Amino acid sequence: MPASSDHDPGAGEDTGDGAGAPSVDAAEIAGFEALAAQWWDPDGPFRPLHRFNPARVAFIRDRACAHYGRAPQTHIPLDGLTMLDIGTGGGLVAEPMARLGAEVTGIDPSAKNIGTADLHAKAMGLDITYRTATAERLAREGKTFDIVLALEVVEHVADLGAFLGAGAHLVRPGGIFIVATLNRTARAYALAIIGAEYVLGWLPRGTHDWNKFVTPAELRAGLEASGLRVTTVSGIVFNPLTASWRVGTDTGVNYITVAEKTP
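Quick note: the sequence shown uses the numbering used here, first residue 1, plus one each step.
Each statement offered as a hint is correct.
Derived DSSO-like pairs (lysine-lysine); straight-line CA-CA distance at most 27 Å:
no.: 1; residue 1: K112; residue 2: K122
no.: 2; residue 1: K112; residue 2: K143
no.: 3; residue 1: K143; residue 2: K122
no.: 4; residue 1: K212; residue 2: K112
no.: 5; residue 1: K261; residue 2: K143
Derived DEER-like restraints, expressed as beta-carbon distance ranges:
no.: 6; residue 1: G125; residue 2: A221; range: 38 to 46 Å
no.: 7; residue 1: D209; residue 2: D79; range: 37 to 45 Å
no.: 8; residue 1: H50; residue 2: T215; range: 23 to 31 Å
no.: 9; residue 1: G44; residue 2: D127; range: 23 to 31 Å
no.: 10; residue 1: G252; residue 2: D43; range: 26 to 34 Å
no.: 11; residue 1: A217; residue 2: T74; range: 34 to 42 Å
no.: 12; residue 1: G125; residue 2: N211; range: 39 to 47 Å
no.: 13; residue 1: D250; residue 2: R47; range: 19 to 27 Å
no.: 14; residue 1: R47; residue 2: A71; range: 29 to 37 Å
no.: 15; residue 1: E218; residue 2: T262; range: 18 to 26 Å
no.: 16; residue 1: W210; residue 2: R51; range: 18 to 26 Å
Bear in mind the hints are in silico, worked out from the structure with no lab data behind them. Because the structure is a prediction, the values reported are computed rather than measured. We put the beta carbon where it would ideally sit given N, CA and C, even for glycine.
Produce the entire structure from the sequences given, and follow the hints as far as they go.
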């Protein structure tokens, strides 16, 4: 169940910084790098994320529009808003966000992932800034954004507190941080690991470590310790009859949280 080319060195290539950042788990990065070329294959190892995408993209659009007083059904409702997608992978979320009008920067500690994302965005005619970098790197540079995303990322980091702290620094005053992850419950273990990895084969075996799943209470505490206020916690639920996902109230497996920084 869902968890997570050439670019200008002057734009901030993170040579050596990815593995050294405290939140980065080098083994996790290596696993995703091995699959980098398959990000955009809807029937490949990232198939669950492709199916998951419509629900989370709609949620991000609607929450961002509610926060900034925009109409979500307009052509480009996020026009003029800056957005950072941490752990962008192949750009599966960055691209639809750019189509909604956001000025998107996608970062990932894997150069292979960034190469895949950059190449695909150019082929689609999308203007997205991609960097091989970590959240810590951008925080040190003093970057801030209207919207910061960390989707199916926190269950793969080595230091949750360090990661959330860096992410919070990247949210401009009055901005929002949207985090999606997996709850550490027996049901999540049964569905996201046993079911998705071993029975159904939706994800490569070993994609997830249940001990690194994060409960909503733990995530809230980490976000609040980083100076943010949690405003929304919603579940993202799979419907086996329609093979589709929807946003709901059940946070027992997948959930998504919105936190804001005081203006």
